[in-house]
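Asks: With the hints as extra help, turn the sequences into a complete structure.
Chains as they are written, first to last, in our numbering: chain A, 1 to 348; chain B, 1 to 407.
Just so you know, the hints here were simulated from the structure itself, not pulled from any lab data.
A portion of the hints provided could be inaccurate.
Some residues of chain A that are not near chain B, with every Cβ distance over 12 Å (derived) [what the hints assert, rightly or not]:
| id | residue |
| --- | --- |
| 1 | I112 |
| 2 | A130 |
| 3 | G153 |
| 4 | E169 |
| 5 | V195 |
| 6 | E227 |
| 7 | V242 |
| 8 | V277 |
| 9 | I320 |
| 10 | L321 |
Covered stretches of chain B (in silico footprint by chain A; criterion: 3 or more residues with CB under 8 Å from a CB of chain A, positions within the stretch not fixed) [stated by the list, open to error]:
| id | segment |
| --- | --- |
| 11 | 128-136 |
| 12 | 226-232 |
Heads up, the beta-carbon is just placed ideally off N, CA and C, and yes, glycines get one too.
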Amino acid sequence: MNAIKNLNKTTRNNFLTYGAVVLAYAVVQLLMGSLSSSLKGMLVPICAYVVMALSLNLTVGVLGELSLGHAGFMSVGAFSGVTAAMALQELIPFAPLRLTVSMLIGAVFAGIAGFLIGIPVLRLNGDYLAIVTLAFGEIIKSIINNLYLGLDGKGLHFSLLTDRTALDEDGLLIIGGPMGIGGIQRLSTFTAGFVLVMLSLFIIFNLVNSRTGRAIMAVRDNSIAAESIGINITKYKLIAFVTSAALAGAAGTLFAMNYTTIVANKFDFNASILILVFVVLGGLGNMFGSIVAAAALTILPEALREFDDYRMLVYAIVLILVMLATNNPAIQGFFARLRGARKGAAEQ
Amino acid sequence: MKKKLLCITLTLALALGLSACGGGNGGNAGGNNGGNAGGGNAGGSNADGNISGAAFKLGGTGPLTGGAATYGIAARNGAQIAVDEINAMGGIQFELRYEDDAHDPEKAVNAYNVLKDWGMQLSLGSVTSKPAEATSVMNMEDRIFALTPSASSEATTQGKDNVFQMCFTDPGQGAKSAEYISDKSLGSKIAIIWKNDDVYSKGIHDTFTARAAELQLEIVSDTTFADGNDKDFSVQLTNAKDNDADLVFLPMYYEPASLILSQANSMSYAPKFFGVDGMDGILAQPGFDTSLAEGVMLLTPFNADSTDERTAAFVAKYQQQFNEIPNQFAADAYDCVYAFKMALENASATPDMSNEDLCSLMMTQFTSMTLEGITGDGAGITWETSGAVSKSPKGMVIQNGAYVGLD
Numbered sequence: 001m002n003a004i005k006n007l008n009k010t011t012r013n014n015f016l017t018y019g020a021v022v023l024a025y026a027v028v029q030l031l032m033g034s035l036s037s038s039l040k041g042m043l044v045p046i047c048a049y050v051v052m053a054l055s056l057n058l059t060v061g062v063l064g065e066l067s068l069g070h071a072g073f074m075s076v077g078a079f080s081g082v083t084a085a086m087a088l089q090e091l092i093p094f095a096p097l098r099l100t101v102s103m104l105i106g107a108v109f110a111g112i113a114g115f116l117i118g119i120p121v122l123r124l125n126g127d128y129l130a131i132v133t134l135a136f137g138e139i140i141k142s143i144i145n146n147l148y149l150g151l152d153g154k155g156l157h158f159s160l161l162t163d164r165t166a167l168d169e170d171g172l173l174i175i176g177g178p179m180g181i182g183g184i185q186r187l188s189t190f191t192a193g194f195v196l197v198m199l200s201l202f203i204i205f206n207l208v209n210s211r212t213g214r215a216i217m218a219v220r221d222n223s224i225a226a227e228s229i230g231i232n233i234t235k236y237k238l239i240a241f242v243t244s245a246a247l248a249g250a251a252g253t254l255f256a257m258n259y260t261t262i263v264a265n266k267f268d269f270n271a272s273i274l275i276l277v278f279v280v281l282g283g284l285g286n287m288f289g290s291i292v293a294a295a296a297l298t299i300l301p302e303a304l305r306e307f308d309d310y311r312m313l314v315y316a317i318v319l320i321l322v323m324l325a326t327n328n329p330a331i332q333g334f335f336a337r338l339r340g341a342r343k344g345a346a347e348q
Numbered sequence: 001m002k003k004k005l006l007c008i009t010l011t012l013a014l015a016l017g018l019s020a021c022g023g024g025n026g027g028n029a030g031g032n033n034g035g036n037a038g039g040g041n042a043g044g045s046n047a048d049g050n051i052s053g054a055a056f057k058l059g060g061t062g063p064l065t066g067g068a069a070t071y072g073i074a075a076r077n078g079a080q081i082a083v084d085e086i087n088a089m090g091g092i093q094f095e096l097r098y099e100d101d102a103h104d105p106e107k108a109v110n111a112y113n114v115l116k117d118w119g120m121q122l123s124l125g126s127v128t129s130k131p132a133e134a135t136s137v138m139n140m141e142d143r144i145f146a147l148t149p150s151a152s153s154e155a156t157t158q159g160k161d162n163v164f165q166m167c168f169t170d171p172g173q174g175a176k177s178a179e180y181i182s183d184k185s186l187g188s189k190i191a192i193i194w195k196n197d198d199v200y201s202k203g204i205h206d207t208f209t210a211r212a213a214e215l216q217l218e219i220v221s222d223t224t225f226a227d228g229n230d231k232d233f234s235v236q237l238t239n240a241k242d243n244d245a246d247l248v249f250l251p252m253y254y255e256p257a258s259l260i261l262s263q264a265n266s267m268s269y270a271p272k273f274f275g276v277d278g279m280d281g282i283l284a285q286p287g288f289d290t291s292l293a294e295g296v297m298l299l300t301p302f303n304a305d306s307t308d309e310r311t312a313a314f315v316a317k318y319q320q321q322f323n324e325i326p327n328q329f330a331a332d333a334y335d336c337v338y339a340f341k342m343a344l345e346n347a348s349a350t351p352d353m354s355n356e357d358l359c360s361l362m363m364t365q366f367t368s369m370t371l372e373g374i375t376g377d378g379a380g381i382t383w384e385t386s387g388a389v390s391k392s393p394k395g396m397v398i399q400n401g402a403y404v405g406l407d
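Replies: Spelled out as structure tokens, the structure:
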């Protein structure tokens with residue numbers, strides 16, 4: 001206990017976040033037998049959304065730039081990762097390894113997309129940046145909706161707009177434009193999701209607590225002051241943005257491999273906003289908050305099924321109430337007093 | 001420190017509490033499944049622990065909210081009428097429950113799992129294609145037999161031995177439309193407007209153009225639209241008009257189709273319009289001036305104006321209960337429930353059987369029986385082992401705000 005107390009506050013919070021995730025994983029594993037199929041079916045999507053929220057929190061909370069196209073990176077990760085998994089089916093028969101490789105490939109492709117988009121986008125700031133990211137998210141969606149990619153004995157073939165891949169008889173059309181990908185082998189497991197969440201936390205915490213992270217936060221707090229002391233703004237913005245995109249890509253692969261079919265329209269503007277809601281609800285820069293918010297808001301619509309047709313209305317109302325409650329000075333004050341009283345009691 | 005622990009505990013408690021809600025019963029149409037409410041059923045196994053013993057539990061997912069809600073609601077209503085009729089007859093009893101999937105594969109899987117927790121023994125699959133692709137795999141793995149009223153993509157049944165369809169497949173619709181247009185010489189110059197980010201639209205478009213080329217129909221204009229730019233069709237319509245198209249083929253759902261009709265009207269372009277089963281429902285759309293749809297033709301397996309006794313009774317009952325003319329989705333779902341009834345009777349199945357046993361019984365029944373339904377013609381409805389249905393389509397035309405048979 002003392003050892004924990006002696007650590008500095010950030011490290012302690014980070015370890016508590018790791019601990020909470022491990023604990024949640026352990027509890028769910030213990031209860032696995034008695035969980036409803038409904039909740040069991042949501043475990044992997046929850047992990048994917050948690051990673052999405054964490055990665056967006058890096059852009060929005062740590063870097064301080066509003067991104068409205070985050071689902072675009074998830075989409076790139078989903079499609080490239082699943083394509084890789086299908087192409088590597090014979091080369092790597094061992095499923096967990098194939099999933100890992102696919103997630104890596106998904107992350108790399110999403111990272112590249114993040115880099116390319118980041119170069120023009122990060123020259124802007126504030127509202128302008130938000131709108132441009134939104135546009136890029138839509139561009140990614142349109143491109144994938146018109147992309148045809150197939151695999152046969154001669155290798156990969158791809159075409160845009162219409163299917164001109166001209167595959168051999170035994171060829172396999174992997175991405176079929178608006179049809180997306182069908183017949184995906186469902187490799188994602190809750191354990192894989194848990195590992196990805198832990199890895200994302202590890203990457204984000206270490207990035208934030210490094211020299212680079214402090215530079216990123218300096219850019220967020222005052223870019224002119226940061227520039228005047230010699231911080232290369234574009235470079236640090238890009239580092240944060242690309243890391244965020246790559247993590248989103250890995251989450252996209254995890255998400256896509258949990259279903260047999262995936263279409264680009266799934267990752268639209270609404271999906272981006274949903275992830276932003278997780279981040280805002282959990283608190284900007286607060287990773288633990290993002291995890292809780294993502295998990296709770298993924299379960300919530302399902303838990304509200306008994307409201308039937310009014311489900312999404314109730315969901316919206318709950319969302320408003322939670323937002324109001326977490327931002328209410330009276331409630332915040334109550335928690336602060338509670339903390340104060342505890343501290344007082346501990347000192348006595 | 002303590003506060004954090006408190007937070008974590010509360011979060012876990014909340015999460016588990018929510019899961020308990022999710023595992024219990026939702027507001028269902030049948031309303032009589034209170035006996036198995038409460039947290040997730042112990043033991044993890046689905047149907048076996050939850051069988052009520054009196055009725056077969058029939059579940060389905062469909063878009064009850066959102067853009068495609070008309071289809072889901074129609075299917076649910078159609079199935080509900082059939083279930084009410086069958087339950088009133090005595091003999092086989094059904095308990096029906098539909099869950100919302102908002103036309104999204106992810107939510108469809110969630111909805112399917114809710115139904116599985118409920119103890120679903122027989123499934124009506126999903127109403128729309130992409131969600132059905134995602135849930136049919138679960139049907140296959142869990143050995144819960146599925147008969148989908150309207151998920152028309154081939155991938156729904158491909159590789160799954162226990163998933164069957166009540167509707168035509170998309171490719172089937174495209175080819176049949178081309179044949180119909182050619183047989184009846186409805187048009188010499190054809191324009192197609194289709195939605196290039198939609199499986200349904202693309203599937204029909206591709207087979208239509210392929211079959212049209214074989215039948216030597218001339219396609220003079222082939223234009224597309226996508227999600228997000230589906231409000232203004234002046235470019236596509238101008239293209240069709242400039243190329244003197246006298247028939248415009250619209251393989252799409254009725255919402256964009258209604259806009260196309262009104263925009264064509266405002267540019268005083270009046271070709272023949274030909275749609276497929278997605279066009280069904282256009283008359284029921286709120287705020288749509290039905291006079292615009294006058295003369296629109298569509299190919300659908302169901303004719304609400306039929307003089308057939310059962311169809312007329314179904315239409316009357318549907319109108320009385322839901323205040324609108326049933327479309328093909330409602331009719332397909334109605335037939336689905338009767339197909340289940342027939343198969344269960346033939347196999348003398350009882351409601352206390354497990355979903356695995358019912359699944360294998362249904363698989364033998366469905367490939368051997370012939371159903372007299374309201375969506376087929378006199379020859380009846382049969383199924384191939386692939387799960388595809390075999391029945392003949394009907395050409396319909398909209399006259400005076402109602403669907404009338406073309407033949």
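Asks: Indicate, hint by hint, whether the structure satisfies it.
Replies: How the hints compare with the structure:
Consistency note on I112 (chain A): stated as away from chain B, and its beta-carbon is indeed over 12 Å from all of that chain's, at 24 Å minimum. At roughly 18 Å from the closest C-beta of chain B, the C-beta of A130 (chain A) stays outside 12 Å, upholding its exclusion from the interface. No Cβ of chain B comes within 12 Å of the Cβ of G153 (chain A); the nearest lies about 22 Å off, and the non-interface call holds. Interface exclusion of E169 (chain A) from chain B stands, the closest Cβ pair being 17 Å apart, more than 12 Å.
For V195 (chain A), the condition that its CB be more than 12 Å from all CB atoms of chain B holds, with the nearest at approximately 20 Å. Residue-level check passed: E227 (chain A) sits 37 Å from the nearest beta carbon of chain B, beyond 12 Å. The claim that V242 (chain A) is not at the interface with chain B holds, since no C-beta of that chain comes within 12 Å of its own (minimum 27 Å). Under the 12 Å C-beta cut-off, the non-interface status given to V277 (chain A) relative to chain B holds; the minimum distance is some 16 Å.
No Cβ of chain B comes within 12 Å of the Cβ of I320 (chain A); the nearest lies about 18 Å off, and the non-interface call holds. Distance to chain B confirms L321 (chain A) as a non-interface residue, since its nearest Cβ pair spans about 14 Å, more than 12 Å. With 3 residues having a Cβ less than 8 Å from any Cβ of chain A, the segment 128-136 of chain B passes the three-residue criterion, so the hint holds. Closer than 8 Å: that is the beta-carbon criterion, and the segment 226-232 of chain B has 3 residues meeting it against chain A, so the requirement of 3 holds.
The structure agrees with every numbered hint stated previously.
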